[in-house]
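Colleague: Spelled out from the first residue to the last, the chains are:
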Amino acid sequence: MKKNPYKVLGIKEGASYDEIKRAYRELAKKYHPDKYRNNPLADLADEKMREINEAYETLMKNAGGAYQYQQDYDQTYENSNASQGSYSQQYQQQQQQKQQQQSSSQYQYQYQYGYDDEAELERQARMYVNNGNLAEAQRILDKMRNRNASWYYLQGLVFLRRGWYDRGYSSIQKAVNMDPSNFEYRNALNNLNQQRAGYRQNPYYRNTYHQSPDMCNLCVNLWCADTCCECMGGDLIGCC
Amino acid sequence: MFGYVEPDKPELKIREFDVFRGYYCSLCKTIGKRYGQIPRLSLSYDLTFLYILLDATSAFPLGGRRERCIAHPMKKRFRVFSNIFAEYASDMNVILTYYSLKDKWDDEKSLLGGTGSLALKMAFNKARKLHPEKCSAIEGYLKDLRTLEKNKCDSVDEAAEPFASLMRELFECGHIKDESTRKTLGWMGYNLGRWIYLIDAFDDLSKDIKHKSYNPILCQYDFNGEDVESFKERVRKALNFNLTYSLSEIEKAYSLLDIEKNKGILDNILYSGLIVKTDAILQGRGKNEKESI
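Protein chains in written order, with our numbering: chain A, 1 to 240; chain B, 1 to 293.
One or more hints might be untrue.
Below, simulated EDC-like cross-link-like pairs (lysine to aspartate or glutamate); rule was C-alpha separation at most 16 Å, straight line [what the hints assert, rightly or not]: (1) K61/A / D18/A; (2) K48/A / D258/B; (3) K7/A / E260/B; (4) K3/A / D258/B; (5) K3/A / E54/A; (6) K7/A / E57/A; (7) K183/B / D43/A; (8) K30/A / E108/B; (9) K7/A / D258/B; (10) K150/B / E67/B; (11) K183/B / E47/A; (12) K207/B / E87/B; (13) K30/A / D258/B.
If you are wondering where the hints come from, they were derived from the structure by calculation, not from laboratory data.
I would like the entire structure built from these sequences, with the hints used as guidance.
Modeller: Pasting the structure below:
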């Protein structure tokens with residue numbers, strides 16, 4: 001049975017175009033595949049994302065927003081970096097890019113090593129990591145003798161997937177240090193730092209602990225304002 | 001269990017606080033009804049959290065009433081009606097408390113451990129009969145944990161593994177039929193277990209240095225007899241990453257669950273309570289620090 005699209009997006013029935021769009025954006029950010037990249041629950045997040053995309057598209061088509069939806073769609077289609085509009089297209093593009101990247105990197109390996117044993121092992125390990133078969137990936141990694149940057153990268157991914165974040169982080173850090181020009185490794189490291197920092201960005205925590213004005217802030221702000229005024233030759237607080 | 005999983009009380013609504021306490025009372029009374037009065041003393045916040053979380057995944061309406069109890073004979077308090085999840089949490093509470101007391105007795109011959117584990121023996125046997133697989137899995141993980149500690153394991157990740165897996169076992173409750181919900185809960189449990197183990201290890205640093213006992217953080221970061229504060233300063237960044245990343249994974253799993261009720265309380269604990277606790281302990285305001293002042 002198909003779920004009620006309003007319920008999927010967490011909005012009231014008959015919500016306005018802007019409300020639907022806002023809810024959709026929020027949810028798309030929450031379940032974005034980048035966030036679940038090294039997570040064993042990635043398939044569940046994917047499913048949720050699909051549901052959300054479907055709900056959004058149904059609502060946009062049905063709720064008399066057809067015209068605007070079409071506009072959105074066109075915009076996204078024209079600007080590939082569009083920050084507006086549906087994420088589903090962006091997501092599809094990303095998947096395509098990913099596939100292209102994978103096939104081109106495979107080609108590179110073959111080019112560099114020929115059909116060397118090590119390269120073959122590495123290819124297998126990468127495949128198992130992508131499939132989520134961690135035990136097998138670890139077994140192959142243990143077999144490899146050539147501990148280069150990509151070995152550390154793959155090992156790092158296995159650790160992260162298992163939930164060993166300290167080792168995962170240091171392995172990926174090592175891969176980046178060994179091959180600083182590699183985009184994939186640096187990207188993974190940045191992603192880790194972002195995930196960590198992202199946790200404190202949730203509205204529940206941020207609103208209470210970062211934006212509440214208190215007396216201390218008030219004093220510091222006054223002092224700053226006073227200093228600025230004095231710089232310009234004026235004075236805000238006469239006594240200091 | 002260590003009792004680190006608590007709500008961020010100042011941010012709870014009064015209604016939410018009442019419901020939270022209602023769950024706490026309900027768990028306490030369920031233990032009393034199933035196991036008698038003494039095991040009620042083993043009640044912990046961590047298991048209350050488990051109870052609230054499991055209950056939140058089911059669509060049963062929330063019900064309760066005001067009652068008196070032994071601990072608060074003067075005033076009636078709101079309690080939530082017990083259900084299968086309360087029973088499950090109470091069984092797990094008894095099992096875990098028994099093992100932790102027995103561990104204390106075996107290691108240090110502590111009086112509390114000895115008498116406690118004796119007093120809980122009957123209750124434990126009953127709980128084990130109800131959950132034989134869970135019990136043997138838990139026992140296995142605790143054995144792994146003891147082996148790692150004996151071998152002075154020098155990786156925090158590896159040392160946290162058994163306790164994290166134990167928590168995964170606990171969170172994958174058999175009463176939840178949906179496979180993917182159970183898997184999501186399990187991943188939440190795994191990461192929460194990691195977080196509890198590591199935060200407890202950090203909180204115990206000064207104590208473990210003084211008593212020269214095992215602590216994975218001391219082993220991984222080569223403690224060389226320096227000042228406690230400067231050692232903490234040295235490791236704080238790495239641990240902050242490790243802990244906060246675990247929390248971010250909990251959050252990711254949590255957002256995949258269909259939460260039917262108690263969202264306010266769970267949001268409070270998972271988005272605020274845990275991180276506030278992390279900051280407090282990393283900055284040396286944990287419960288062990290208070291004792292030393």
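Colleague: Would you mind marking each hint as holding or not holding in the structure?
Modeller: We went through each hint and held it up to the structure:
{"no.": "1", "hint": "K61/A / D18/A", "result": "14 Å, holds"}
{"no.": "2", "hint": "K48/A / D258/B", "result": "11 Å, holds"}
{"no.": "3", "hint": "K7/A / E260/B", "result": "12 Å, holds"}
{"no.": "4", "hint": "K3/A / D258/B", "result": "13 Å, holds"}
{"no.": "5", "hint": "K3/A / E54/A", "result": "10 Å, holds"}
{"no.": "6", "hint": "K7/A / E57/A", "result": "14 Å, holds"}
{"no.": "7", "hint": "K183/B / D43/A", "result": "12 Å, holds"}
{"no.": "8", "hint": "K30/A / E108/B", "result": "47 Å, violated"}
{"no.": "9", "hint": "K7/A / D258/B", "result": "12 Å, holds"}
{"no.": "10", "hint": "K150/B / E67/B", "result": "47 Å, violated"}
{"no.": "11", "hint": "K183/B / E47/A", "result": "15 Å, holds"}
{"no.": "12", "hint": "K207/B / E87/B", "result": "36 Å, violated"}
{"no.": "13", "hint": "K30/A / D258/B", "result": "14 Å, holds"}
Of the numbered hints given earlier, the model fails hints 8, 10, 12; all others are met.
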